[in-house]
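Participant: What follows is the residue order along each chain.
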Amino acid sequence: MANVTQKSPIKFIVAAVIIVATIAYLSFTGGRDNKSYYVTIGELQGMGNKAYTRHLRVAGNVAPGSIHRVGTNATFDLLEQGRKLSVVYQGSEPPPDTFKDDAQALAVGTYSRDGVFHATQLQAKCASKYAPAPASATPATTAAATLPATK
Amino acid sequence: MEQRTPTLRNVAWLWFGISIAVLAFGFRQAIFLVPTDAAQGNVGRIFYYHVPIAMLSLIFPYINFVASLFYLYWRRREPLKALTADALALATAEVTVVYSSICLLTGMLWARAVWGIWWTWDPRLTSMLLLWLLYVSYLMLRQFSSAGQTHTLAAVLSVFAAVDVPIVYMSIRWWRTQHPAPVFGGGPDSGVDPSMLPAFYWNLAGWTVWGICIVVFRFALERRRQFAEQEAALQAIEASLEIPQ
Numbered sequence: 001m002a003n004v005t006q007k008s009p010i011k012f013i014v015a016a017v018i019i020v021a022t023i024a025y026l027s028f029t030g031g032r033d034n035k036s037y038y039v040t041i042g043e044l045q046g047m048g049n050k051a052y053t054r055h056l057r058v059a060g061n062v063a064p065g066s067i068h069r070v071g072t073n074a075t076f077d078l079l080e081q082g083r084k085l086s087v088v089y090q091g092s093e094p095p096p097d098t099f100k101d102d103a104q105a106l107a108v109g110t111y112s113r114d115g116v117f118h119a120t121q122l123q124a125k126c127a128s129k130y131a132p133a134p135a136s137a138t139p140a141t142t143a144a145a146t147l148p149a150t151k
Numbered sequence: 001m002e003q004r005t006p007t008l009r010n011v012a013w014l015w016f017g018i019s020i021a022v023l024a025f026g027f028r029q030a031i032f033l034v035p036t037d038a039a040q041g042n043v044g045r046i047f048y049y050h051v052p053i054a055m056l057s058l059i060f061p062y063i064n065f066v067a068s069l070f071y072l073y074w075r076r077r078e079p080l081k082a083l084t085a086d087a088l089a090l091a092t093a094e095v096t097v098v099y100s101s102i103c104l105l106t107g108m109l110w111a112r113a114v115w116g117i118w119w120t121w122d123p124r125l126t127s128m129l130l131l132w133l134l135y136v137s138y139l140m141l142r143q144f145s146s147a148g149q150t151h152t153l154a155a156v157l158s159v160f161a162a163v164d165v166p167i168v169y170m171s172i173r174w175w176r177t178q179h180p181a182p183v184f185g186g187g188p189d190s191g192v193d194p195s196m197l198p199a200f201y202w203n204l205a206g207w208t209v210w211g212i213c214i215v216v217f218r219f220a221l222e223r224r225r226q227f228a229e230q231e232a233a234l235q236a237i238e239a240s241l242e243i244p245q
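These protein sequences, in sequence, are chains G and P.
If you count the first sequence from 1, position 71 lands on 71 in the UniProt record's numbering, and the numbers rise without skipping.
If you count the second sequence from 1, position 171 lands on 171 in the UniProt record's numbering, and the numbers rise without skipping.
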């Protein structure tokens, strides 16, 4: 800097580096153990008593043929790596159109001690795959990506 | 002082025309020509808009970031170059706000259709909203700050705002999200069928050339404003010098 009396930018640069490093560190460590957006069925069943007291979002694939719709409500099973979770959905809105057999879905609600998950909200989750429907009329069920259970 | 020559003006109009043509062609590809997505149906065609625009709304902030660094470096050493960098930073920040707004809006429409919800606070959506807020606050700072340090403050804010850009990009790789995992360069169950790629590439090209078009236009406008300001300042100084004589 031309002017000696002027404030040195070093302090500012050090502060900036500290802030950026902190954010990077938090993102990185958060990346390894953040399971906050949803839990898998395996994690739900491994949570013990905590599973019954918290409002949760559970992810899984809708078991084919298990959906029974009653008005805007529905009951169905979620599957994930051989584990099954029965879900009773009671909400004011019907499930979205993408909510169908084999689709990835998130159920938001509470887990009761009888092993049934009571959902008040359903969210479909889309695969990151885009392909036209095959001519040989196989439903696009295989396109539903398996859940990243290891994350 | 830069003067717009007729050639430059013609190039600008040609570029504008090409942008419109590519966007129109991309629209035809995306809406009418490429096959319908098996899982999502026609709703999935918003992919050809949402994804290219989202990609660009993470690229323009970087130009803003680099321009802001140059501004900070040059502001005492070479003030005239610094002003050029500042004009580029302003232009790219405005385009970032436009593109990230479109990204958020198309995303919400799409989410409502395929997820069943307008919004959710997952890491991708939250970090993208944060990006939008950061660049809106950048523009607000430039607009309403009355201090003589506005350009410097804005450049510093831009450096911090840029931290959010890689977080937005990595959010779907680091964390569990409602938002789908990466479509390009993602896992085995990701990707776009080759028959659908033309629509994607044409729209990516279209929104890129259009984005560059508005950045350059906005940059030229800001340069003119700067020159007019300098001219006015110069005249004021000259006028003040004339009085005592």
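Since the hints were derived computationally from the structure, they do not count as laboratory data.
There may be inaccurate statements among the hints.
Partial list, computed: chain P residues near chain G (C-beta under 7 Å) [what the hints assert, rightly or not]:
hint : residue
1    : S137
2    : R176
3    : P180
4    : V183
5    : G186
6    : S190
7    : G191
8    : P194
9    : E229
10   : E231
11   : L234
12   : E242
For glycine and all other residues, C-beta sits at the position ideal for the given N, C-alpha and C.
Participant: So, for every hint listed, does it hold in this structure?
Facilitator: Structure-based check of all given hints:
1. Of the supplied interface hints, the one on P/S137 is violated, with its beta-carbon coming no nearer than about 16 Å to a beta-carbon of chain G, more than 7 Å.
2. The criterion of a C-beta within 7 Å of any C-beta in chain G is met by P/R176, whose closest approach is roughly 5 Å, and the hint holds.
3. The beta carbon of P/P180 comes within 4 Å of a beta carbon in chain G, closer than 7 Å, and the hint placing it at the interface holds.
4. Checking P/V183 against chain G: minimum C-beta separation of about 4 Å stays under 7 Å; hint holds.
5. Restraint check, P/G186 versus chain G: the minimum CB separation of about 5 Å is within 7 Å; hint holds.
6. Using the Cβ-Cβ criterion of 7 Å, the hint placing P/S190 at the interface with chain G is satisfied: the shortest such distance is roughly 4 Å.
7. Look at P/G191: its Cβ gets to within about 6 Å of chain G, closer than 7 Å, so that hint holds up.
8. Look at P/P194: its Cβ only gets to about 9 Å from chain G, farther than 7 Å, so that hint breaks.
9. Interface restraint check: P/E229 against chain G, minimum CB-CB distance 24 Å, threshold 7 Å, status violated.
10. Taken as an interface hint, P/E231 does not check out: its beta carbon lies about 27 Å from the nearest beta carbon of chain G, beyond 7 Å.
11. Annotation: P/L234 was flagged as interfacial toward chain G, and the flag is violated, the nearest CB pair being 24 Å apart, outside 7 Å.
12. For P/E242, the shortest C-beta to C-beta distance to chain G is roughly 32 Å, which exceeds 7 Å, and the interface hint is violated.
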